[in-house]
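Participant: My request is simple: use the sequences and hints to build the entire structure.
If you're matching them up, the sequences are chains A and B in order. Under the working numbering, the first residue of the first sequence carries the number 25, and numbering increases by one thereafter. Under the working numbering, the first residue of the second sequence carries the number 25, and numbering increases by one thereafter.
Derived from the structure by calculation, the hints contain no laboratory data. Keep in mind that the hints are not guaranteed to be accurate.
Which copy is meant is left open, because identical chains are indistinguishable; a pair holds if it fits in one copy or across any two.
[Stated by the list, open to error] Computed list of lysine-lysine pairs in DSSO-like fashion (alpha-carbon distance at most 30 Å, straight line):
| # | residue 1 | residue 2 |
| --- | --- | --- |
| 1 | Lys225 | Lys210 |
| 2 | Lys197 | Lys30 |
| 3 | Lys197 | Lys69 |
| 4 | Lys210 | Lys30 |
| 5 | Lys379 | Lys225 |
| 6 | Lys308 | Lys259 |
| 7 | Lys197 | Lys31 |
| 8 | Lys379 | Lys77 |
| 9 | Lys210 | Lys389 |
| 10 | Lys367 | Lys234 |
| 11 | Lys308 | Lys365 |
| 12 | Lys365 | Lys169 |
There are 2 protein chains.
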Amino acid sequence: MSERIKKRVAILGSTGSIGTQTLDVINNSYCELEVELLTAYANSKLLIEQARKYKPNHVVIVKEDLYQEVRDALSDLPIKVYAGIRSVEQIVEMDSIDVVLTAMVGYAGLAPTISAIKAGKNIALANKETMVVAGELITELALEKGISIYPVDSEHSAIFQSIVGEFHNPIEKIYLTASGGPFRGKSKEFMELVTPAQALKHPNWTMGAKITIDSATLMNKGLEAIEAKWLFDLKPEQIDIIVHPQSIIHSLVQFEDGSMKAQMGLPDMRLPIQFALTYPNRVKTSFPRFDFTAYPNLSFEQADRSIFRSIDLAYAAMRKGGNMPCILNAANEVAVESFLKEKIGFLQMADMIEKVMNLVPFISKPDLDAYHRTDCEARSVAMELVSKRK
Amino acid sequence: MSERIKKRVAILGSTGSIGTQTLDVINNSYCELEVELLTAYANSKLLIEQARKYKPNHVVIVKEDLYQEVRDALSDLPIKVYAGIRSVEQIVEMDSIDVVLTAMVGYAGLAPTISAIKAGKNIALANKETMVVAGELITELALEKGISIYPVDSEHSAIFQSIVGEFHNPIEKIYLTASGGPFRGKSKEFMELVTPAQALKHPNWTMGAKITIDSATLMNKGLEAIEAKWLFDLKPEQIDIIVHPQSIIHSLVQFEDGSMKAQMGLPDMRLPIQFALTYPNRVKTSFPRFDFTAYPNLSFEQADRSIFRSIDLAYAAMRKGGNMPCILNAANEVAVESFLKEKIGFLQMADMIEKVMNLVPFISKPDLDAYHRTDCEARSVAMELVSKRK
Numbered sequence: 025m026s027e028r029i030k031k032r033v034a035i036l037g038s039t040g041s042i043g044t045q046t047l048d049v050i051n052n053s054y055c056e057l058e059v060e061l062l063t064a065y066a067n068s069k070l071l072i073e074q075a076r077k078y079k080p081n082h083v084v085i086v087k088e089d090l091y092q093e094v095r096d097a098l099s100d101l102p103i104k105v106y107a108g109i110r111s112v113e114q115i116v117e118m119d120s121i122d123v124v125l126t127a128m129v130g131y132a133g134l135a136p137t138i139s140a141i142k143a144g145k146n147i148a149l150a151n152k153e154t155m156v157v158a159g160e161l162i163t164e165l166a167l168e169k170g171i172s173i174y175p176v177d178s179e180h181s182a183i184f185q186s187i188v189g190e191f192h193n194p195i196e197k198i199y200l201t202a203s204g205g206p207f208r209g210k211s212k213e214f215m216e217l218v219t220p221a222q223a224l225k226h227p228n229w230t231m232g233a234k235i236t237i238d239s240a241t242l243m244n245k246g247l248e249a250i251e252a253k254w255l256f257d258l259k260p261e262q263i264d265i266i267v268h269p270q271s272i273i274h275s276l277v278q279f280e281d282g283s284m285k286a287q288m289g290l291p292d293m294r295l296p297i298q299f300a301l302t303y304p305n306r307v308k309t310s311f312p313r314f315d316f317t318a319y320p321n322l323s324f325e326q327a328d329r330s331i332f333r334s335i336d337l338a339y340a341a342m343r344k345g346g347n348m349p350c351i352l353n354a355a356n357e358v359a360v361e362s363f364l365k366e367k368i369g370f371l372q373m374a375d376m377i378e379k380v381m382n383l384v385p386f387i388s389k390p391d392l393d394a395y396h397r398t399d400c401e402a403r404s405v406a407m408e409l410v411s412k413r414k
Numbered sequence: 025m026s027e028r029i030k031k032r033v034a035i036l037g038s039t040g041s042i043g044t045q046t047l048d049v050i051n052n053s054y055c056e057l058e059v060e061l062l063t064a065y066a067n068s069k070l071l072i073e074q075a076r077k078y079k080p081n082h083v084v085i086v087k088e089d090l091y092q093e094v095r096d097a098l099s100d101l102p103i104k105v106y107a108g109i110r111s112v113e114q115i116v117e118m119d120s121i122d123v124v125l126t127a128m129v130g131y132a133g134l135a136p137t138i139s140a141i142k143a144g145k146n147i148a149l150a151n152k153e154t155m156v157v158a159g160e161l162i163t164e165l166a167l168e169k170g171i172s173i174y175p176v177d178s179e180h181s182a183i184f185q186s187i188v189g190e191f192h193n194p195i196e197k198i199y200l201t202a203s204g205g206p207f208r209g210k211s212k213e214f215m216e217l218v219t220p221a222q223a224l225k226h227p228n229w230t231m232g233a234k235i236t237i238d239s240a241t242l243m244n245k246g247l248e249a250i251e252a253k254w255l256f257d258l259k260p261e262q263i264d265i266i267v268h269p270q271s272i273i274h275s276l277v278q279f280e281d282g283s284m285k286a287q288m289g290l291p292d293m294r295l296p297i298q299f300a301l302t303y304p305n306r307v308k309t310s311f312p313r314f315d316f317t318a319y320p321n322l323s324f325e326q327a328d329r330s331i332f333r334s335i336d337l338a339y340a341a342m343r344k345g346g347n348m349p350c351i352l353n354a355a356n357e358v359a360v361e362s363f364l365k366e367k368i369g370f371l372q373m374a375d376m377i378e379k380v381m382n383l384v385p386f387i388s389k390p391d392l393d394a395y396h397r398t399d400c401e402a403r404s405v406a407m408e409l410v411s412k413r414k
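Facilitator: What follows is the structure, given as structure tokens:
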């Protein structure tokens, strides 16, 4: 262990759920991890607090009108303060950064992730939308630059942990486990009247609003399937989804001999975050341990795809390829926002996404510009559909 | 994969349950594995049949009065035939053998395993008694000779598969899963009247008689705990046993970060046998695959140690160390045989083992001779106890 090298971490999106848990992990890492850069969108108060505690060399506040506030609050410390999304894209390229943890929400994570990969940084990927939207482009770029993308999503971390030491052995199949969300087993009638407050109550995981709604619709699992396709070089038919309400088995791999490996434990995002940052090493923690007596039964069931239509929509987008997952993602981001603002109902999210997938022109080999155009167009089509409903 | 080297396998105990399944695996191995040596104790008919099919260069029939029969039956083939246990010990040393799979039953596996290790062969260990009796001596010898011991027991294979690629990360704890055997949840009153026929019906695994009885008493799990201690360099308190009636999760590892990894699948010994022989590679199989819809619930419970006393006896022997596990093992072999011959009842097996553990002199640092003496003495003490009962 003596040859372990201290890693300097950039956290994109440090004030969100993954960001704050990442700081927890760094705090617990016996100085194996250090903070080099923190960025936040608009939560200047928390960003200031984090910067004062963890003393990074750089911070970026994306929302530019908050720059002065952040700069003034940190003026007594040797911390450089920047503003704007372009600053994030530039600063992630700095030599002093070893690994970039991307925890920004949604499509916004794409550009900084590309900048970081181009600068040869390893990525701890918490922003699944990056892979959903532009998995082909990202994986090609990663290969070209010789960098590694370590998954932070608990499911993909479980797969990654399960194939460590076996990268030479082909994967036959993976099972992504899903908690089933707060509406597992509910009827269509019940689902029609679901409120944002109900949908925001996840049974097992404490997460941000966007991903919590995605978990309630199971779109999160569909996006994860697309993410898994790119991270582990799989075909859609090699990726299965199984509902596992206790969220103890975080996902499974089946190898070609038929043997399966699973990674398990209490639902705690700090574990996959830490593994992404300290791989191939594990760092001792005092996090609570799993206890079989508290979980005498682990159960498994199929998702009801007639209610949770997002899964089939995501698989259709994955099979179609090109810019279709980008369309799916953009439509979903608008759908979730519209649902949270009570502009559309719970079940209408899938209806709307399906419509947008049919309306936005398909591009089979998109470049980065085409992704940007697709994202814009899909969002405006989606928003038009929402406004028409009103 | 092109650099894969064909491995030549010696199977000690080829006519038993593990032996025949090993030949199945070799048959399925796309010529990655070839048979160099087959040995059997007394099943000359099957040994002849296997030799004619797999064409090893050498066979040994241990029971010497069967030598003529085996030699005559194979006289038209270029197969060298030998007799006696000493022949096994010598032939495993041959240069043409790459890996020795030890599937002999009980204490008899110890001497040939030592010969093979001394000759620098890697071991696929199916004879857990070898590690139970002389784990300290075996692991020291393996280290000295620079050979690897690959576990074949499904539980230890599960642990091994789970730590592949993570040998540098300390194990915090392991859970050995136990089916619970045919008498899980039964009362003491019921157990007093159990017959050998009832005890030989294992709910999930098809195995030899000795290990099936050991599974019914849960002594098998106790022996496995001792085996795990030596294979994975663990303290007794790092080894836990959990009853899992479906036998799907074959065992689990917990690392120091709190993350757990499990190896799973349908109960099929061919999988761990194959992994022990082809490691670090997996070979594609057409064995049936696990299906969650057939196992919607995986359950876990504590063993009732007041009825299944073997576990505590094994842990006591493990903690005591020295020749105590050897005493435990010898007493258990006599107990199982006596139970199968209906000389003692089911619950009396543990009583007898406990008595033998108290009667045979303790040796804290036994050498191989001391193990032999201990084994002899423990057996004669045990047999005396059995005969006194009559």
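Participant: Between copies, within a copy, both or neither: which fits Lys379 and Lys225 at Cα up to 30 Å?
Facilitator: Classified as within; 28 Å inside a copy, 58 Å across copies.
Participant: Within, between, both or neither: how does the pair Lys379, Lys77 come out at a Cα-Cα threshold of 30 Å?
Facilitator: Neither way: Lys379 and Lys77 sit 47 Å apart in one copy and 63 Å across, limit 30 Å.
Participant: What label fits Lys210 with Lys389 when the C-alpha limit is 30 Å: within, between, both, or neither?
Facilitator: Classified as neither: same-chain Cα gap 40 Å, cross-chain 64 Å, threshold 30 Å.
Participant: Tell me, please, which holds for Lys225 and Lys210 at an alpha-carbon limit of 30 Å: within, between, both or neither?
Facilitator: within (15 Å within a copy, 42 Å between copies)
Participant: Using 30 Å as the alpha-carbon threshold, which applies to Lys197 and Lys31: within, between, both, or neither?
Facilitator: between (33 Å within a copy, 28 Å between copies)
Participant: First find the shortest C-alpha distance between Lys197 and Lys30 inside one copy, then the shortest across copies, and answer within, between, both or neither for a cut-off of 30 Å.
Facilitator: between (35 Å within a copy, 27 Å between copies)
Participant: Within a copy, between copies, both or neither: which one fits Lys197 and Lys69 at a CA-CA cutoff of 30 Å?
Facilitator: For Lys197 and Lys69, neither the intra-copy (45 Å) nor the inter-copy (42 Å) Cα distance is at most 30 Å.
Participant: Could you place Lys367 and Lys234 in one of the four classes (within, between, both, neither) given a Cα distance threshold of 30 Å?
Facilitator: within (16 Å within a copy, 68 Å between copies)
Participant: Tell me, please, which holds for Lys210 and Lys30 at an alpha-carbon limit of 30 Å: within, between, both or neither?
Facilitator: For Lys210 and Lys30, neither the intra-copy (48 Å) nor the inter-copy (55 Å) Cα distance is at most 30 Å.
Participant: With identical chains treated as interchangeable, where does the CA-CA distance between Lys308 and Lys259 reach 30 Å or less: within a copy, between copies, both, or neither?
Facilitator: between (36 Å within a copy, 18 Å between copies)
Participant: Give the relationship of Lys308 and Lys365 under a CA distance limit of 30 Å: within one copy only, between copies only, both, or neither.
Facilitator: Cα proximity of Lys308 and Lys365: none, with 42 Å in one copy and 51 Å across.
Participant: At most 30 Å between alpha carbons: which applies to Lys365 and Lys169, within, between, both or neither?
Facilitator: neither (41 Å within a copy, 69 Å between copies)
Against the hints set out earlier in the document, violations occur for numbers 3, 4, 8, 9, 11 and 12.
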